[in-house]
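Colleague: So you can see what is in the structure, the chains are spelled out below.
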Amino acid sequence: MMHCYLYLSIILFCLGIIGVIARRNVFTVFMSVELMLNAANLAFITFSRVHESMDGHVLAMMVMAVAAAEAALALAVVILLHKHKSKLDTNVFSLLKG
Amino acid sequence: MEQSVNYLGLIPLFPLLGAVLIGLLHVFTCNRTKLPEKVYGILACVGPVLSFVMALKVFVALKGLPPESRFLVHKAFTWFSVGDLHINMGFLADPLSCLMLLFVTFIGSLIHIYSIGYMGGDKNYGKFFAYMNLFLGSMLVLVLGDGPVVMFVGWEGVGLCSYLLISFYSEDRSNVLAGNKAFIVNRVGDLGFVLGMSFLFWAIGAQGFDYLSLKAHVNDPAMTQGVLLTVCLLLFVGATGKSAQIPLYVWLPDAMAGPTPVSALIHAATMVTAGVYMVARFSFLYAEVALAGSIVAWVGILTALLAAIFGMFQEDIKKVLAYSTVSQLGYMFAGVGVAAYSAGIFHVFTHAFFKALLFLGAGSVIYALHHEQNIWKMGGLKNKMPKTYVTMVIGALALAGCPPFSGFFSKDEILYSALATGHFGIWAVGVLVAGMTAYYTFRMIFVVFHGEPRDHHAYEHAQESPAVMTVPLIILAVGALFAGLLNLPAIFGGDQIVSHWLAPSVTEHHPHAGVFVEILAIGASVVAFAIGIKIAYAKFGKGAPEPSFTGFADFAYHKFYVDELYDKVIVQPYKAIGSSIWKVIEPNVTDAPVKGVARLYMVLGTAFKVFQVGYVRVYALYMVLGLSLMSLLLSQSLN
Numbered sequence: 001m002m003h004c005y006l007y008l009s010i011i012l013f014c015l016g017i018i019g020v021i022a023r024r025n026v027f028t029v030f031m032s033v034e035l036m037l038n039a040a041n042l043a044f045i046t047f048s049r050v051h052e053s054m055d056g057h058v059l060a061m062m063v064m065a066v067a068a069a070e071a072a073l074a075l076a077v078v079i080l081l082h083k084h085k086s087k088l089d090t091n092v093f094s095l096l097k098g
Numbered sequence: 001m002e003q004s005v006n007y008l009g010l011i012p013l014f015p016l017l018g019a020v021l022i023g024l025l026h027v028f029t030c031n032r033t034k035l036p037e038k039v040y041g042i043l044a045c046v047g048p049v050l051s052f053v054m055a056l057k058v059f060v061a062l063k064g065l066p067p068e069s070r071f072l073v074h075k076a077f078t079w080f081s082v083g084d085l086h087i088n089m090g091f092l093a094d095p096l097s098c099l100m101l102l103f104v105t106f107i108g109s110l111i112h113i114y115s116i117g118y119m120g121g122d123k124n125y126g127k128f129f130a131y132m133n134l135f136l137g138s139m140l141v142l143v144l145g146d147g148p149v150v151m152f153v154g155w156e157g158v159g160l161c162s163y164l165l166i167s168f169y170s171e172d173r174s175n176v177l178a179g180n181k182a183f184i185v186n187r188v189g190d191l192g193f194v195l196g197m198s199f200l201f202w203a204i205g206a207q208g209f210d211y212l213s214l215k216a217h218v219n220d221p222a223m224t225q226g227v228l229l230t231v232c233l234l235l236f237v238g239a240t241g242k243s244a245q246i247p248l249y250v251w252l253p254d255a256m257a258g259p260t261p262v263s264a265l266i267h268a269a270t271m272v273t274a275g276v277y278m279v280a281r282f283s284f285l286y287a288e289v290a291l292a293g294s295i296v297a298w299v300g301i302l303t304a305l306l307a308a309i310f311g312m313f314q315e316d317i318k319k320v321l322a323y324s325t326v327s328q329l330g331y332m333f334a335g336v337g338v339a340a341y342s343a344g345i346f347h348v349f350t351h352a353f354f355k356a357l358l359f360l361g362a363g364s365v366i367y368a369l370h371h372e373q374n375i376w377k378m379g380g381l382k383n384k385m386p387k388t389y390v391t392m393v394i395g396a397l398a399l400a401g402c403p404p405f406s407g408f409f410s411k412d413e414i415l416y417s418a419l420a421t422g423h424f425g426i427w428a429v430g431v432l433v434a435g436m437t438a439y440y441t442f443r444m445i446f447v448v449f450h451g452e453p454r455d456h457h458a459y460e461h462a463q464e465s466p467a468v469m470t471v472p473l474i475i476l477a478v479g480a481l482f483a484g485l486l487n488l489p490a491i492f493g494g495d496q497i498v499s500h501w502l503a504p505s506v507t508e509h510h511p512h513a514g515v516f517v518e519i520l521a522i523g524a525s526v527v528a529f530a531i532g533i534k535i536a537y538a539k540f541g542k543g544a545p546e547p548s549f550t551g552f553a554d555f556a557y558h559k560f561y562v563d564e565l566y567d568k569v570i571v572q573p574y575k576a577i578g579s580s581i582w583k584v585i586e587p588n589v590t591d592a593p594v595k596g597v598a599r600l601y602m603v604l605g606t607a608f609k610v611f612q613v614g615y616v617r618v619y620a621l622y623m624v625l626g627l628s629l630m631s632l633l634l635s636q637s638l639n
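Going line by line, the protein sequences match chains A and B.
Residues in the first sequence are numbered consecutively from 1, following the numbering used here.
Residues in the second sequence are numbered consecutively from 1, following the numbering used here.
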């Protein structure tokens, strides 16, 4: 039964990766990152359940806190990016091209 | 036996501090409102005068000691210590360095005072005095150093300052080239000095590398005749560079490009006397090998002859004096070469007075004629500039060796020593040169001061120089008159004070050749002087037109084309080697690997550039791939 939760976690994580890599809208990328964080949280909770300890719960709470902080920062960055180029397409921002 | 006194280090320190202070003042004010010239002038004279006072104190202290233990030492600090080589920044005052100290600081001070007038109005007034103080300070380090290494510090210092001062009027390219020439020619000599010093250290330096230890170990088994001769000759190469002897004399006449007080300082008090001083300092080495002494003496007397020939045909008043310096330096080397060290040093001493006098007098003339240096544009100046005229005649008589002026006694002492030690050839050439000296010196005096004015416009505007310039002239004239009496030989009822004073410092044996030889030497010198001055009077006494040179005279006027020869044989090949290295070896040999490495990185960079696409999502992909790879490897190794 536990396997299903882990499979779900993996699927969510992969969806997140694909979202980050394949999508060009900054918001979608950001949401995909959140998705990966939640996939990790799900894995933590599952393992916590398996081992019957509270460690995983603690970490999951911490990840949520970090994710909240990160969301605040990331949204500010998104606003700045939009101010800069009036677009939210990541392909527009390619100053590091070699 | 030796006494340590800490004021010894102050003597070179005063002018050196003065140089730093004046230099900083000049640097911080030269672009803004300038300080009044008086500030620089007074600051510049404080250092040398204080040094002179300290030198007097050293003299008094030495005089209070018994003759055989007249040593004052001061070790300022340990400079460096490597293996066997322990070098202290130490100073030594003995009768020899004390005598040098006295006249270097005295004449140096007078030249500084004179410069206040001569350099008035120059836009680099402060810079000039900073260099002058540095020059004097370096010379004092050279004289006072207690070993060859400390001497070398001063040796290089005077070389640097001569370069800076010769090319002082640096707007004119030829002046800069003259400075370069002085510096480069001196470098050749310096190499000899360094090699000589290294040989000396290799042989006996391990037991201490100051004069007193070296002197004590000069008879060690390591000091074979061959080593001694090598050391002596290499050191002499250094001396030929600094003191302008064959073959390295070429820089000194060109050094006239600098301001006249600089010429006076170079020719009288500092720089050129360093070579003679060094040979006298190492007299304990030269006394051991007769051959080295003979070579020194012959090089010296041949230089004297060559320079006297050149001097007879020059038309620039300062060049005449420059060649006379080279010639007199030749005498000094002849003196120290025949082991008459005190006679050689005594000639340095008297020469300092009359040569400083002649140069400052020439400077006074040049100043009055608005920087005209060609003697064929002068004439009849004796009524316009009586003080300069009288003092310069005194200087000329001393230079020409007229009794009882100072130059007579010192020159005669050298010639007598040459004759008494059996160096007849040197004596004969010396007497000939004495006559030539009288001739070219009075040729200059007659042409400049007697006869009719040749350039009436310049003559009308000429006037006597200010007191700040004439007073040093008068003081020096007194010195040129009476300095010779300090070493009056026994035949004139004197007791050779200077020779006895120097006796503890130098290794020499006074020859006793009898009264007849002494009278012969004196007689020959006087006759040579009389003939020289008579010819000069006959040719130029009543005023003479500018001669046109033909044949030998033309050859001598062009200095035997030695400069051109050096240019063809040494300078041009060097330039050719330099440019071939620059054009062939550098691009193909040394540059190839350097540029190759750069090109390699460029190619690698271009190859890796394609991965840097600039999109965040691609970088995320790299990250995912990398992390996956790492996880894969980790899981592999765990299994």
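Hint data in this document are derived by calculation from the structure and do not stem from the laboratory.
Even for Gly, the Cβ is constructed at its ideal location relative to N, Cα and C.
Take these hints with a grain of salt, some might be off.
Claimed, not checked - Which residues of chain A face chain B? A partial, calculated answer using Cβ under 8 Å:
# : residue
1 : 81
2 : 84
3 : 88
4 : 90
5 : 94
6 : 95
7 : 97
Colleague: It remains to establish, for every hint, whether it holds in the given structure.
Modeller: Right, here's what the structure says about each hint:
Contact between residue 81 of chain A and chain B, as hinted, is not supported at the beta carbon level, the nearest pair being about 11 Å apart and thus beyond 8 Å. Because the closest C-beta pair between residue 84 of chain A and chain B is about 14 Å apart, greater than 8 Å, the hint is violated. Interface restraint check: residue 88 of chain A against chain B, minimum CB-CB distance 12 Å, threshold 8 Å, status violated. The beta carbon of residue 90 of chain A is positioned within 8 Å of a beta carbon in chain B (closest approach about 5 Å), and the interface hint is therefore held.
Hint on residue 94 of chain A holds. Least Cβ distance to chain B is approximately 3 Å, under the 8 Å limit. Because the smallest distance between the Cβ of residue 95 of chain A and any Cβ of chain B comes to about 7 Å, under 8 Å, the interface hint for this residue holds. Nearest Cβ of chain B to the Cβ of residue 97 of chain A: about 3 Å, under the 8 Å cut. The hint holds.
When the structure is compared with the earlier hints, violations turn up for hints 1, 2, 3 and for no others.
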